[in-house]
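Take a look at the letters that make up each chain.
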Amino acid sequence: AQKITQTQPGMFVQEKEAVTLDCTYDTSDQSYGLFWYKQPSSGEMIFLIYQGSYDEQNATEGRYSLNFQKARKSANLVISASQLGDSAMYFCAMRERDYGQNFVFGPGTRLSVLP
Amino acid sequence: DTEVTQTPKHLVMGMTNKKSLKCEQHMGHRAMYWYKQKAKKPPELMFVYSYEKLSINESVPSRFSPECPNSSLLNLHLHALQPEDSALYLCASSQDPGTGVGGYTFGSGTRLTVV
Numbered sequence: 001a002q003k004i005t006q007t008q009p010g011m012f013v014q015e016k017e018a019v020t021l022d023c024t025y026d027t028s029d030q031s032y033g034l035f036w037y038k039q040p041s042s043g044e045m046i047f048l049i050y051q052g053s054y055d056e057q058n059a060t061e062g063r064y065s066l067n068f069q070k071a072r073k074s075a076n077l078v079i080s081a082s083q084l085g086d087s088a089m090y091f092c093a094m095r096e097r098d099y100g101q102n103f104v105f106g107p108g109t110r111l112s113v114l115p
Numbered sequence: 001d002t003e004v005t006q007t008p009k010h011l012v013m014g015m016t017n018k019k020s021l022k023c024e025q026h027m028g029h030r031a032m033y034w035y036k037q038k039a040k041k042p043p044e045l046m047f048v049y050s051y052e053k054l055s056i057n058e059s060v061p062s063r064f065s066p067e068c069p070n071s072s073l074l075n076l077h078l079h080a081l082q083p084e085d086s087a088l089y090l091c092a093s094s095q096d097p098g099t100g101v102g103g104y105t106f107g108s109g110t111r112l113t114v115v
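Those protein sequence lines, which keep their order, are chains R and G.
First residue of the first sequence? That's 1 in our numbering, and the numbers climb one at a time after it.
First residue of the second sequence? That's 1 in our numbering, and the numbers climb one at a time after it.
Simulated from the structure, these hints should not be mistaken for lab results.
Beta carbons are placed, not taken as given, at the ideal position from N, Cα and C, and that holds for glycine.
One thing to keep in mind: the hints can contain errors.
Taking CB as the label site, the calculated pair distances span [as the list claims (entries may be wrong)]: (1) R/80 - G/14: 26 to 36 Å; (2) R/70 - G/16: 46 to 56 Å; (3) G/82 - R/84: 17 to 27 Å; (4) G/38 - R/81: 29 to 39 Å.
Here's a subset of chain G near chain R, in silico, CB distances under 10 Å, partners left out [said to hold, decoys possible]: (5) 43; (6) 103; (7) 111; (8) 113.
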């Protein structure tokens with residue numbers, strides 16, 4: 001069964017607007033971590049933001065925020081004030097405590113920022 | 001600059017060649033990972049080294065041979081590869097090998113083409 005679902009293969013957003021990238025996950029663990037990574041065409045996986053399953057507040061890192069809805073098992077990434085440099089693949093990922101060494105990625109969403 | 005350094009950045013090799021990919025980190029992380037990523041797909045786990053010992057081998061063909069000479073270095077030896085092995089090979093490291101839910105730091109990857 002797929003553990004991470006990203007239903008948007010591709011997204012477009014106008015420069016300076018906000019965009020939400022969807023992510024839902026499946027786990028029976030109580031302790032887990034959720035991550036978003038950005039991968040530009042150069043290939044490097046760039047860490048953006050982290051949300052722990054016990055964190056009560058939604059994570060924020062600069063222009064990135066994570067809309068964490070635990071009951072719905074969703075962890076959507078919100079990018080505010082999009083920039084042309086935000087165009088990239090975005091991967092949602094999960095690490096479960098009981099499967100500590102495996103880091104599961106979703107299929108990714110390709111974001112294109114339009115001038 | 002990424003704190004995980006991978007060399008070379010690009011590699012073209014014939015099916016009869018022997019080559020090695022190298023990965024280095026100086027963050028004191030005790031777990032290191034090799035991932036394979038095909039175009040437009042998420043990364044797939046190949047190997048995990050925990051405290052310099054191989055702890056996970058995701059049924060990778062024997063033509064891929066990992067090596068961890070010390071806690072800072074991780075190699076991937078390649079021999080008799082097939083054209084379908086062409087991919088981006090990503091190295092990652094994490095502070096906590098099997099406990100906790102911390103994230104990974106990725107390198108920029110090696111783009112491998114097998115001809």
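Q: Tell me if residue 43 of chain G is really an interface residue toward chain R, meaning its C-beta lies closer than 10 Å to one of theirs.
A: holds (6 Å)
Q: With a cut-off of 10 Å on the beta carbons, see whether residue 103 of chain G makes it to chain R.
A: Holds: closest Cβ of chain R sits about 5 Å from residue 103 of chain G, inside 10 Å.
**Q.** Range hint compliance [Cβ, residue 38 of chain G to residue 81 of chain R, 29 to 39 Å]
**A.** Holds - the Cβ-Cβ distance for residue 38 of chain G and residue 81 of chain R, about 33 Å, lies within 29 to 39 Å.
Q) Holds or violated: 26 to 36 Å for the Cβ distance of residue 80 of chain R and residue 14 of chain G? A) Cβ of residue 80 of chain R to Cβ of residue 14 of chain G: about 48 Å, so the range 26 to 36 Å is violated.
Q. With 10 Å as the cut and Cβ atoms as the points, is residue 111 of chain G at the interface with chain R?
A. holds (7 Å)
Q | Range hint compliance [Cβ, residue 70 of chain R to residue 16 of chain G, 46 to 56 Å] | A | holds (53 Å)
Q: For the hint on residue 113 of chain G, just tell me whether its beta-carbon gets within less than 10 Å of chain R.
A: Nearest chain R Cβ about 13 Å off; hint violated.
Q) Regarding residue 82 of chain G and residue 84 of chain R, is the given constraint of 17 to 27 Å on their beta-carbon distance met? A) With a Cβ separation near 38 Å, residue 82 of chain G and residue 84 of chain R fall outside 17 to 27 Å, so the hint is violated.
Comparing the model with each numbered hint stated earlier shows that hints 1, 3 and 8 do not hold.
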